[in-house]
Amino acid sequence: MIKHHPNHALLSAYVAGDLSASICIAISAHAEMCPECKQKIDKLEAQSANIVFDNTSSHIFEDDMAFSQHDFDDCAMIDFITQDSDIDVYEPSKQQQVTVKNTQYDLPRVLNNLSFDKFNQLGKLSRAKINLEDGDDHINLLHIDKDGQVPSHTHQGFEITLLLSGDFHDEMGSYSPGDFILLDNKHTHNPTTTQGCLCLTVANSGPQFTQGLSKLFNPITNYFY
Amino acid sequence: MLEQIESQKPVMTQSAPTKLDEKTSRMLSSSLISIAENRDKTAFAAVFQWFSPKIIHFGIKQFSNQTLAQELLQETMTKVWRKAHLYSRDKGAATTWVYSIMRNTCFDILRKIQSNKEDSLAEEIWPLAEAQHVQDEQFNDHLMAKQLQQHLDKLPENQQQIIRGVYFQELSQEQLAKQLGIPLGTVKSRLRLALSKLKLHIGDSK
Numbered sequence: 001m002i003k004h005h006p007n008h009a010l011l012s013a014y015v016a017g018d019l020s021a022s023i024c025i026a027i028s029a030h031a032e033m034c035p036e037c038k039q040k041i042d043k044l045e046a047q048s049a050n051i052v053f054d055n056t057s058s059h060i061f062e063d064d065m066a067f068s069q070h071d072f073d074d075c076a077m078i079d080f081i082t083q084d085s086d087i088d089v090y091e092p093s094k095q096q097q098v099t100v101k102n103t104q105y106d107l108p109r110v111l112n113n114l115s116f117d118k119f120n121q122l123g124k125l126s127r128a129k130i131n132l133e134d135g136d137d138h139i140n141l142l143h144i145d146k147d148g149q150v151p152s153h154t155h156q157g158f159e160i161t162l163l164l165s166g167d168f169h170d171e172m173g174s175y176s177p178g179d180f181i182l183l184d185n186k187h188t189h190n191p192t193t194t195q196g197c198l199c200l201t202v203a204n205s206g207p208q209f210t211q212g213l214s215k216l217f218n219p220i221t222n223y224f225y
Numbered sequence: 001m002l003e004q005i006e007s008q009k010p011v012m013t014q015s016a017p018t019k020l021d022e023k024t025s026r027m028l029s030s031s032l033i034s035i036a037e038n039r040d041k042t043a044f045a046a047v048f049q050w051f052s053p054k055i056i057h058f059g060i061k062q063f064s065n066q067t068l069a070q071e072l073l074q075e076t077m078t079k080v081w082r083k084a085h086l087y088s089r090d091k092g093a094a095t096t097w098v099y100s101i102m103r104n105t106c107f108d109i110l111r112k113i114q115s116n117k118e119d120s121l122a123e124e125i126w127p128l129a130e131a132q133h134v135q136d137e138q139f140n141d142h143l144m145a146k147q148l149q150q151h152l153d154k155l156p157e158n159q160q161q162i163i164r165g166v167y168f169q170e171l172s173q174e175q176l177a178k179q180l181g182i183p184l185g186t187v188k189s190r191l192r193l194a195l196s197k198l199k200l201h202i203g204d205s206k
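As given, the protein sequences belong to chains A and B, one line each in that order.
Each step along the first sequence adds one to the number in my numbering, with nothing skipped, and position 11 is 11.
Each step along the second sequence adds one to the number in my numbering, with nothing skipped, and position 162 is 162.
Derived from the structure by calculation, the hints contain no laboratory data.
Some hints here could point you the wrong way.
[What the hints assert, rightly or not] With beta-carbon atoms standing in for the labels, derived distance ranges:
id, chain 1, residue 1, chain 2, residue 2, range
1, A, 47, B, 186, 45 to 55 Å
2, A, 88, B, 179, 26 to 36 Å
3, B, 118, A, 51, 47 to 57 Å
4, A, 1, B, 61, 35 to 45 Å
5, A, 13, B, 173, 17 to 27 Å
[What the hints assert, rightly or not] Which stretches of chain A does chain B cover? Using the computed rule of at least three CB atoms under 8 Å from a CB of chain B, they are:
id, segment
6, 8 to 21
7, 44 to 51
8, 200 to 210
[What the hints assert, rightly or not] Interface residues of chain B toward chain A, partial, derived using beta-carbon atoms under 10 Å:
id, residue
9, 29
10, 30
11, 77
12, 127
Glycine included, every Cβ here is placed at the ideal spot set by N, Cα and C.
Isolated chain B, as found in the complex (with noise of 0.2 Å):
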């Protein structure tokens, strides 16, 4: 009984860390993926407004410093914007991910003062990409990546599927038809169908 009340209360500690709820968790990790997907502005003014006082904060009990703490806030949430595509949620919270960020930053910029290096050393160190990952990665790093998603997007179900299969998935037209329990010809067909309406979409849009 005791525990019951107990845990209704409302949780008001000021020194021990309490997990993230679930909403904000939730919502930061999808403004990250919205971020990578679509250069989402409002998803990072949203990431950016929850994260820079506790950088600000961490920055300032790092370098007692204001103008540093600034630094560290600039270019951690720079590489929050530009990064994004190497976040996943299989790779844990957005907190972690970000704080990883934060502490490379954070490490680069104490390098600097001092020994004088911007080797960006910290990176080789605490590695954002891991080597592993680099297949996933591959079409997000691409430059294009994010202009054929949104083309992508626009076919329907059955002609992604085709496509996503052959081309990202690295399947044969063969595999795909046995995987799918379809025939063969119309995994062909759905192909050049698909292949055609991208070139027409892409086209349009140079």
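So that you can see chain A by itself, here it is in the shape it has in the complex (with noise of 0.2 Å):
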């Protein structure tokens, strides 16, 4: 049972498209798994509809067209527009797959189409970035292996964490498949798996550990995000 969605204010700005492409996608793979979180979308998205093609205020819109010459363009607009009669023909993508520690997963779809690099590991971590240029936004695929955890962290930023496959937990509570967990700078967490998980990440900043010897990494913690 998925128990962690993004909140409301997070679903609005996602549907107003006002976020990074890589929240976005993390979105977008949430409420592929998420029917109640899908359901919220698709009425947030008729709500915008309504107040942007709001019927009644169209006199508001009089400052706009004065200095647009609005008439005129339209008619070529529309003529050049529909000179050309083809449709544009819907493929539908494949779904893409990753083996990791020799178990398969099957990828959100909206990863149909984004490449990704191979995996890094280093113990039971293995991380894989997906190729997106998207400012301090890094987006990644994150497998621990069975028994495995990331050390206690925190980051300057916001971490993303959605669980594709498998499970884990950390001090907040104990996570299933399709769990979208937004941290921040307050919180510090210790992800442990027992059966091993794959997450997609999304964070602006690598993670601060904050314990024993894995503090060590911090100085090259840029390999986390």
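Starting from two chains that each stand alone, build the complex the way the hints lay out.
Rendered as structure tokens:
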């Protein structure tokens, strides 16, 4: 059962297209697994459409039209668009799979046309960077092998973890596939898995390790994000 | 009583969005369907004129730039023209569908400005056609679809029924006979008639 969802504000921003591509991808992947959020998104989309395309408020657009020579442009643009009667043929894309430590996983549909690097391994952790230029936001596939853990850490910015398959738990609870977990620098956690798991992660800074020897990693923490 | 009186007053609020009236909403969605089925330019012009000031307004708010707002309008409406076959009434209001196209276009334009990337990522994130609709859309997406549809419409209803059953619902002729409650021989002869007429029509138009 999915217990952790993007909150209302995040879903609204997603529907408005106001989030970074990486965060949008994480929410889209969550919605594929979560009918409840999918439904909320559809509803928010209908609401946004009603606000943007509000029939009664056309008088407020006079300002825009004053400097756009509207009527003339309209006809020219309509002719230009309709001179070509071709349609865009919809080609369904193929779902991608990854195999990590001999286990094969199906990836979410939203990743169908994205490419990712080979998995880098460090102990029980494997990470593959998804190729997407997106400012400070980085998006990765993170695999933790059976009985593995990510040492206790926090983030300077935010970290989204979407559990795609398997299980993990941390100080705040235990998670099942589809759970969407958003943490910021107020949280410190130590994710641990028993059967192994594959996650999609988005973060805008590397982790800061907070305990023992793993602190030694802090200078090379970019490896993890 | 008071409620009745209130509800008879025309609604004149400026800020709160009101739901589109039934008539407009029906006009928009049947126009989209007519664009898809008949490449109907008049229907497109109507849709264009209804949406264009609203899209320009939205674009100016997003980009604070008139040229980019025009680009948003042109790209959004080009997609409406080219992708109308992906719209269907059961996906909801025409306005919601156009909103998603506009939001996607806007997202890609912003991404082009910010990261210099032209990867049309928006349709990966917010797909217009969903995997479960693939089967329905195979026919729509075929290049011959429009032409075939027109020829099909010219056939008598009982022959159309057979063609739809066999080719679009992939029923066997036996299943179809059972479903329509007619003998198998009738299905076969209607199918033969329909196919030879279709061949003739399509041959004609070339």
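Okay, the hints, checked on the actual structure:
Evaluation of the 45 to 55 Å hint for residue 47 (chain A) and residue 186 (chain B) yields a pass: the beta carbon distance comes to about 51 Å. At about 34 Å, the beta-carbon gap between residue 88 (chain A) and residue 179 (chain B) stays in the expected band of 26 to 36 Å. Roughly 29 Å separates the CB atoms of residue 118 (chain B) and residue 51 (chain A), a value that falls outside the hinted 47 to 57 Å. One distance hint, 35 to 45 Å for the beta-carbon pair residue 1 (chain A) and residue 61 (chain B), holds here, with the actual separation near 40 Å.
Distance hint check: the CB atoms of residue 13 (chain A) and residue 173 (chain B) are about 53 Å apart, inconsistent with the given range 17 to 27 Å. Only residues whose beta carbon comes within less than 8 Å of a beta carbon in chain B count, and the segment 8 to 21 of chain A has 4; three or more means the coverage holds. As drawn, the segment 44 to 51 of chain A meets chain B at 6 residues by the rule of a beta-carbon pair under 8 Å; at three or more, the given contact holds. Residues of the segment 200 to 210 of chain A lying with their CB closer than 8 Å to a CB of chain B number 0, which falls below the three-residue condition for coverage.
A cut of 10 Å between beta carbons decides the hint on residue 29 (chain B): the least distance to chain A is about 12 Å, and the hint is violated. Here the hint on residue 30 (chain B) is broken, as its CB sits about 17 Å from the closest CB of chain A, past 10 Å. A cut of 10 Å between beta carbons decides the hint on residue 77 (chain B): the least distance to chain A is about 6 Å, and the hint holds. Taking 10 Å as the C-beta cut-off, the interface hint given for residue 127 (chain B) holds, the closest approach to chain A being about 8 Å.
Violated hints, listed in ascending order, are 3, 5, 8, 9 and 10; each of the other numbered hints is respected by the structure.
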